[in-house]
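Number of protein chains: 2
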Amino acid sequence: MRALCVAECQLTLRQDMPVPVPGAGEVLIRPLLAGVCNTDLELAAGYYGYQGIPGHEFVGTVVEGPAAWRGKRVVGEINIACEKCDLCLAGVPSQCRDRRTLGIRDYAGVFADYFVLPLRNLVEVPETLTDEQAVFTEPLAAACQVLEMAHVRPSDRVVLIGAGKLGMLTAQALRLSGAALTVVVRHDHQARLLAGWGIPTARIEELPLRQADTVVDCTGNESGFAAAMSLLRPRGTLVLKSTFHGRPQVDLSSLVVQEFTVIGSRCGPFDAALRLLTANLVEVEPLIHGRFSLEESVAAVEYSARPGTLKVLLTFDLP
Amino acid sequence: MRALCVAECQLTLRQDMPVPVPGAGEVLIRPLLAGVCNTDLELAAGYYGYQGIPGHEFVGTVVEGPAAWRGKRVVGEINIACEKCDLCLAGVPSQCRDRRTLGIRDYAGVFADYFVLPLRNLVEVPETLTDEQAVFTEPLAAACQVLEMAHVRPSDRVVLIGAGKLGMLTAQALRLSGAALTVVVRHDHQARLLAGWGIPTARIEELPLRQADTVVDCTGNESGFAAAMSLLRPRGTLVLKSTFHGRPQVDLSSLVVQEFTVIGSRCGPFDAALRLLTANLVEVEPLIHGRFSLEESVAAVEYSARPGTLKVLLTFDLP
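Residue numbers (the numbering used here), protein chains in the order written: chain A, 1 to 319; chain B, 1001 to 1319.
One chain only, chain A, in its complex shape:
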């Protein structure tokens, strides 16, 4: 089968990869659409030291597995949990101590003609959702995780920094809380998109310092984090939505003196994401900035890395 592969910081489309054989509890899936995430760009650049097939955002069809599931259209949780450790037993499999992660750690990803995933990771996609909507389930779940980890109140003043792929989904999820949300933008096209959802935008220098109850940082860089801290009121909450390169310098004294709460957030609830998509409460089509076939997947990842690019999708028609 065909598969995009990462090896030694090189992306290559290989034509000769074996179709994976499902192990115990696993099913074989054929992707319908896959999304390129910033994590894929980092994997391609050699972060995490991952070697293999990347890709973890998908909607696909079960082609091999229990009869009740065959032919079903599914999305899937990306953490393959051990089901034995204290965190699995505590009901937090996404933080499993021995987890593998689809297309990220020790588990081949979805940028291929076929891939496997444990049956227990799958969620059936409601009929009314398009493939284009369903492929956003995973990143929208990650956006919802902000609200899972932090209590955003309807009366809160909330600022989001980093209006990229994940930021645009997170902004829409935050908007639904009723909170007074402002999104920091750098480009007019970001502002126009957000305006379409009724979300006010501002340049960072236009915002008052020390006023926001909650700031969500989707930038993943040191200066974004520092800006986020500066906008927060004393006792405010800063939610981090993106990983960082290296170890940024942080004004921890300010964190202590102003009694901030800083909360990390990672993978989120698929069911909630599917409910929001099904109810058309989150709009994803305007976020699609490109469609490439698997044959063009090296170019797709390169295109996705261009500044300002939102979601790039891969399609999987046989060549």
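No wet-lab data here; the hints were simulated from the structure.
You can trust all of the hints, since none of them are fake.
Have a look at the derived ranges for each label pair, beta carbon to beta carbon:
no., chain 1, residue 1, chain 2, residue 2, range
1, B, His1245, A, Val21, 50 to 58 Å
2, B, Tyr1047, A, Arg247, 19 to 27 Å
3, B, Trp1197, A, Val21, 56 to 64 Å
4, A, Ala180, B, Pro1126, 42 to 50 Å
5, A, Pro154, B, Thr1278, 40 to 48 Å
Note that this is a predicted model, so its numbers are computed, not measured.
Every residue, glycine too, gets a C-beta built ideally from N, C-alpha and C.
Dock chain B against the given chain A, drawing on the hints supplied.
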């Protein structure tokens, strides 16, 4: 009057300072005992750019003020709040946007024969408390603030790092939660003191990684913070109890991926501290490592700065 003064990174005992005149709402207080805090050491070293009289931990007697208060033995909250800003109106005067802080910011401190404080900051000391106990009210309140900001459950595994002046009080406050507390120590004398309260201790390298539900960092340094992060389980909570010099490098990606919550904590509830002292649930006498008169206050601060020194008290007998 006599007063210890900080000016241009120099500590001087001056004999010729005017006795302060209480303004509207303020009372004049004569200290009975005062404590030297790490913040005083930082002020003396020129951090914060404070010029004037340091000192904010005290028990004293009201000598000028409303008749009902004259002669009363008091302790006092250190934040002089504006009572007008949003945080004051929200019931968080310790985070007042226009606050002055006793002996730390824009308000003369207690290392003097007399000082003033707003009447509303005062709390009367219960008769059964000794002066030596009462002078610990402010730092014990700051220790209690850890439990004010973070929910420490009786079933939690808690680790405290940094068994210094404030760490020893915080350890005792945490012990009362019923949680399985371990304190990281470097010296045998710390371990002996903690053993007296039934608190287990360990060297940092003896502790299992990624197991603690809550870690309290009282070190105020980069390596302490990194160690604290390494001990925390996924979704765990890290409470910061000390300010830091400069801007430490922090592994924010770990914070995101493991979904940690990091919480700053500063000044705390005086009433709670007085209740714990009155009930003899927190023991402070063994923390007293030195007593110096105001005349010897320069030496007192120097003594307090020696590694391993716990609380140094100032006495105020007239010369």
